[in-house]
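K.L.:
Please model the entire structure based on the sequences and the hints provided.
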Amino acid sequence: MSDPSLPEPSEPSARGRHAGASTTPTTPTPASTTSAYGAPPASAPSKIRILLADDHALVRRGVRLILDREPDLEVVAEAGDGAEAIDMARAHEADLAVLDIAMPRLTGLQAARELAALKPGLRILMLTMHDNEQYLFQALKSGACGYVLKSVADRDLVAACRAAMRDEPFLYPGAVTALIRNYLDRVRHGEETSDHILTPREEEVLKLVAEGHSSKEIAEILFISIKTVQRHRANLLQKLGLRDRLELTRYAIRAGLIEP
1 MSDPSLPEPS EPSARGRHAG ASTTPTTPTP ASTTSAYGAP PASAPSKIRI LLADDHALVR
61 RGVRLILDRE PDLEVVAEAG DGAEAIDMAR AHEADLAVLD IAMPRLTGLQ AARELAALKP
121 GLRILMLTMH DNEQYLFQAL KSGACGYVLK SVADRDLVAA CRAAMRDEPF LYPGAVTALI
181 RNYLDRVRHG EETSDHILTP REEEVLKLVA EGHSSKEIAE ILFISIKTVQ RHRANLLQKL
241 GLRDRLELTR YAIRAGLIEP
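The sequence shown begins at 1 in UniProt numbering and counts up by one.
Honestly, I wouldn't trust all of these hints.
As the list claims (entries may be wrong) - What follows is a set of in silico ranges between Cβ atoms, one per label pair, in the way DEER data are often shown: (1) Glu-74 / Ile-226: 43 to 53 angstroms; (2) Ala-91 / Gly-241: 38 to 48 angstroms; (3) Gly-241 / Val-76: 40 to 50 angstroms; (4) Glu-168 / Asn-235: 36 to 46 angstroms; (5) Ile-197 / Glu-133: 16 to 26 angstroms; (6) Pro-120 / Arg-201: 36 to 46 angstroms; (7) Leu-118 / Gly-241: 41 to 51 angstroms; (8) Ile-180 / Ile-221: 32 to 42 angstroms; (9) Pro-200 / Glu-259: 35 to 45 angstroms; (10) Glu-168 / Glu-93: 16 to 26 angstroms.
As the list claims (entries may be wrong) - Derived PhoX-like pairs (lysine-lysine); straight-line CA-CA distance at most 20 angstroms: (11) Lys-141 / Lys-119; (12) Lys-47 / Lys-119; (13) Lys-227 / Lys-216; (14) Lys-239 / Lys-227.
Hints in this document: simulated from the structure, not taken from any laboratory.
As the structure is a computational prediction, the values presented were derived from the model and not from experiment.
Ideal Cβ placement from N, Cα and C applies to all residues, glycine included.
P.N.:
Below is the structure:
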């Protein structure tokens with residue numbers, strides 16, 4: 001998979017100095033009044049502690065630059081995949097998790113579900129390159145309160161973080177349109193959504209099957225027997241009403257477990 005690197009925030013330009021200008025010191029302008037995203041709440045006693053997870057180090061660096069330059073935001077932990085994000089959440093006190101959707105081991109969607117159960121007070125934002133309705137719906141079902149596109153992270157991410165801490169949802173305009181269209185389509189056709197509930201282990205097996213791993217490879221990755229893998233695959237086919245590996249792969253793409 002590949003993620004486009006984020007545009008690094010531009011550094012403020014240096015103020016010019018006139019020759020012979022007065023050497024009397026001037027009072028600097030507080031950083032909180034110069035933010036392009038609006039000043040943080042004056043009553044906030046501490047910074048918003050952020051856990052950042054993305055499997056691309058360059059992307060994490062760009063996102064961290066965006067966040068750490070704000071006076072009320074602080075990245076306290078970083079992770080390179082969804083499983084590490086869960087470990088970091090256990091080891092660090094964080095108020096907000098910013099998760100990439102497409103990551104190895106556990107995806108951002110899988111990590112969001114586990115984090116929501118592990119840390120009910122933790123707010124979750126999904127940061128992704130995918131302007132994709134299915135990913136959007138899965139993110140919201142996973143417990144995320146916002147969905148931010150990497151292509152405009154320098155514009156939207158700070159506002160999304162602050163909105164999350166106010167218990168307000170944050171969606172880009174296209175996402176709002178998709179939600180409304182989806183709702184109207186379901187009402188028009190009298191459809192009701194029926195979610196197939198998979199266990200965390202079944203999701204892990206499904207993801208690995210869809211990525212093309214053999215039963216032997218899956219058994220080695222998950223430290224289980226080949227017979228257990230085969231049993232999980234049979235249960236997946238039966239539970240989802242599917243027939244073969246190809247249909248499992250298509251379902252995994254629709255569920256946001258792997259990239260199309």
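K.L.:
So, for every hint listed, does it hold in this structure?
P.N.:
Verification of the supplied hints:
| no. | hint | result |
| --- | --- | --- |
| 1 | Glu-74 / Ile-226: 43 to 53 angstroms | 46 angstroms, holds |
| 2 | Ala-91 / Gly-241: 38 to 48 angstroms | 40 angstroms, holds |
| 3 | Gly-241 / Val-76: 40 to 50 angstroms | 44 angstroms, holds |
| 4 | Glu-168 / Asn-235: 36 to 46 angstroms | 39 angstroms, holds |
| 5 | Ile-197 / Glu-133: 16 to 26 angstroms | 21 angstroms, holds |
| 6 | Pro-120 / Arg-201: 36 to 46 angstroms | 22 angstroms, violated |
| 7 | Leu-118 / Gly-241: 41 to 51 angstroms | 31 angstroms, violated |
| 8 | Ile-180 / Ile-221: 32 to 42 angstroms | 40 angstroms, holds |
| 9 | Pro-200 / Glu-259: 35 to 45 angstroms | 20 angstroms, violated |
| 10 | Glu-168 / Glu-93: 16 to 26 angstroms | 22 angstroms, holds |
| 11 | Lys-141 / Lys-119 | 16 angstroms, holds |
| 12 | Lys-47 / Lys-119 | 19 angstroms, holds |
| 13 | Lys-227 / Lys-216 | 9 angstroms, holds |
| 14 | Lys-239 / Lys-227 | 18 angstroms, holds |
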